[in-house]
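As they're listed, the protein sequences go chains A and B.
Residue numbering for the first sequence follows the numbering used here, beginning at 518 and increasing consecutively.
Residue numbering for the second sequence follows the numbering used here, beginning at 46 and increasing consecutively.
Just so you know, the hints here were simulated from the structure itself, not pulled from any lab data.
Each residue gets a CB set at the ideal place from its N, CA and C atoms; glycine is no exception.
It cannot be assumed that every hint is accurate.
Claimed, not checked - Listed below are several chain A residues computed to face chain B (Cβ distance under 10 Å; list not exhaustive): (1) Lys874; (2) Pro914; (3) Gly1009.
One-letter residues, chain by chain:
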Amino acid sequence: MSRRWNIRRTLGGRQPALAAAVEAAAGEPGVEASPVEIAPNDPLVAYFQGTTGPVDLDSLDLDSPAVADLRAAGARMVVPLVSQGELIGLLNLGPRRSEQEYSADDRKLLADLAGHAAPAVRVAQLVREQQAEIRERERIEGELEVARLIQQQFLPHELPELPGWHVAAYYKPARQVGGDFYDFLDLPDGQIGIVVGDVTDKGVPAALVMATTHSILRAEAPRLVSPGEVLGRANDLLVTEMPAHMFVTCLYAVLDPTSGRLRYANAGHNLPYLRTEDGVVELRATGMPLGLLPGMDYEEKEATLAPGADLLLHSDGLAEAHGPERQMFGFPRLAKLAAEGKSGQELIDLLLNELAKFTGPGWEQEDDITLVTLRRSSGEAAAGSTALTEFEVASEPGNERIAIERVAAAVGDLDLPAARLERLKTAVGEAVMNAIEHGNRNRPELPVGVLVAVSGAELSVRVTDQGGDRPALQPERPDLEAKLAGEQSPRGWGLFLIESMVDELRTSADERQHAVELIVRLEGVEDHG
Amino acid sequence: MAEFRAAVRQRAGAVVVDLHGQIDVAADGPLAAAYAEAASQGPGAIVLNFEEVDYINSTGIALIVGLLARARKERRAIGACGLTDHYREIFEITRLSDFMGIYADEDSAAGAPAAAGNTGRQG
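Let the hints inform the model, and build the full structure from the sequences given.
Listed below in structure tokens is the structure:
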């Protein structure tokens, strides 16, 4: 029955109106008249705070729009529904069908009815509120999912492979999905554009602005190349499309992988850190965030990444993370960590571990975290050799397959005979497995480094792990008879296989690292050195 | 990357174990189970069919060595067929081919009476 009364609770002013429906009792029974909205500040509400029991509308002398509306809707009698001292609705009655006045018995009956109905109505209201809250939560979750999908759509699916360079990236959205993005762009003359940006605001609007910025940069960068000009153009295009109160911070850099020359411009984004032999410097260039004002100029600066140099680009999700005492992780701490000499995935792991220590357990990530690192290899590929690829894999079982595929792809242009390629693949797989299991002892956070280089008539694949202290294994021919007789473990084939598969196997170690170098001679193969 | 699986079937002259996917550490359980199933069908030769195998690493070699050791104890002949040139080479380098018959295809593996006697070195 309570469903027939379209009654809502007054929520301390948040809910604008109390609605009440009038039963058109005199006319057609069971037909509900249109609801009457009662403003929370209507004198009628105040009146019922101090009154119990049915009230004759005719006898009410209140300057109340609600009373006028109720009268107009045909109500003659109103009965307040009060639960725990709070007015939660009204029973509104038209004239009696007998056209007689409401009797004292009628009034008593109505008062009793209201007394019993009020708690039930209140329960129904609470259930409805809860259902509405659940629906709202689901709507927000759905929106977050959409934002996440949009964002992921525009993040790079793979990292660029630059001979002599190692690129690593990390991206982790906050639960609320901020607007971080990063990108790598192929530019004329083998140059590469590197973008790291952050849209203010969160959720779907931020994701859409991020998508727009991404598309604009992709369209303009190859044409203009100059980082200052690219940001200036992107700014002018974004100003016209940007929703109010939103803007984009963005660092855009152009790398010439051959010379190590890096040109960059910055639209209000965090300053990248460049680590060289002399320590860490911030790469500064001035410029306003994108999308605020038209016609902005973006300063363009230049730096050189010498062999061994590391570049770290980052969004503020890391530096501006808060610890349990609300203190900030901070840029000085970040700069200090960047100076420690780690690079690539190791640097990213170091930063994330320090962040975890800083925030403590149970931390909810406040903002997206984006990290992009770029290292110019220190020329470990010997003088006169050309690096074909350099990458790392985490020390997890099965990752040797990734290494095999990447090495095979990198040596594709050498046109190795099929059999030699197959042998190299097996050797690489075994060397990486050894590095994962014996060198890094299956600790996923320790990387296995792979450097593929070609020099003269020699192809070299160098596999490095972090187990410099382990004794060097000597390859020897396994004793198959002893194994078949059960006198020896059936295992122990790895090093023997590697040695059998390549022309030469070189091992080296220092206190920290252990390296295996697989050499394949390229006689009879076209010389690419 | 195909997960390893093995299926046992009987044919004239031998029980064939069809191997699929990669033979690495994950193949340990399924390979042993397939061998046990094949062995339960009689004392005859077992042919390992590598036609659908795309990767064998040193751990996989060790699994095959373990299997051969078991077969030797049971005086059972093991044959292999369907190996790519590369893995055939590896079977030769590791001398596995000295202890199991290596055949180009299943028919010659199952039809080879020599399979019954290859419990020692042949090469």
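These are the hints, each one checked on the structure:
Violation of the interface hint for A:Lys874 is found here, the shortest Cβ-Cβ separation to chain B being roughly 34 Å, above the 10 Å cut-off. Of the supplied interface hints, the one on A:Pro914 holds, with its beta-carbon coming within about 7 Å of a beta-carbon of chain B, less than 10 Å. Checking A:Gly1009 against chain B by beta carbon gives a least distance of about 8 Å; that is within 10 Å, so the hint holds.
Checked against the numbered hints given earlier, this structure breaks only hint 1.
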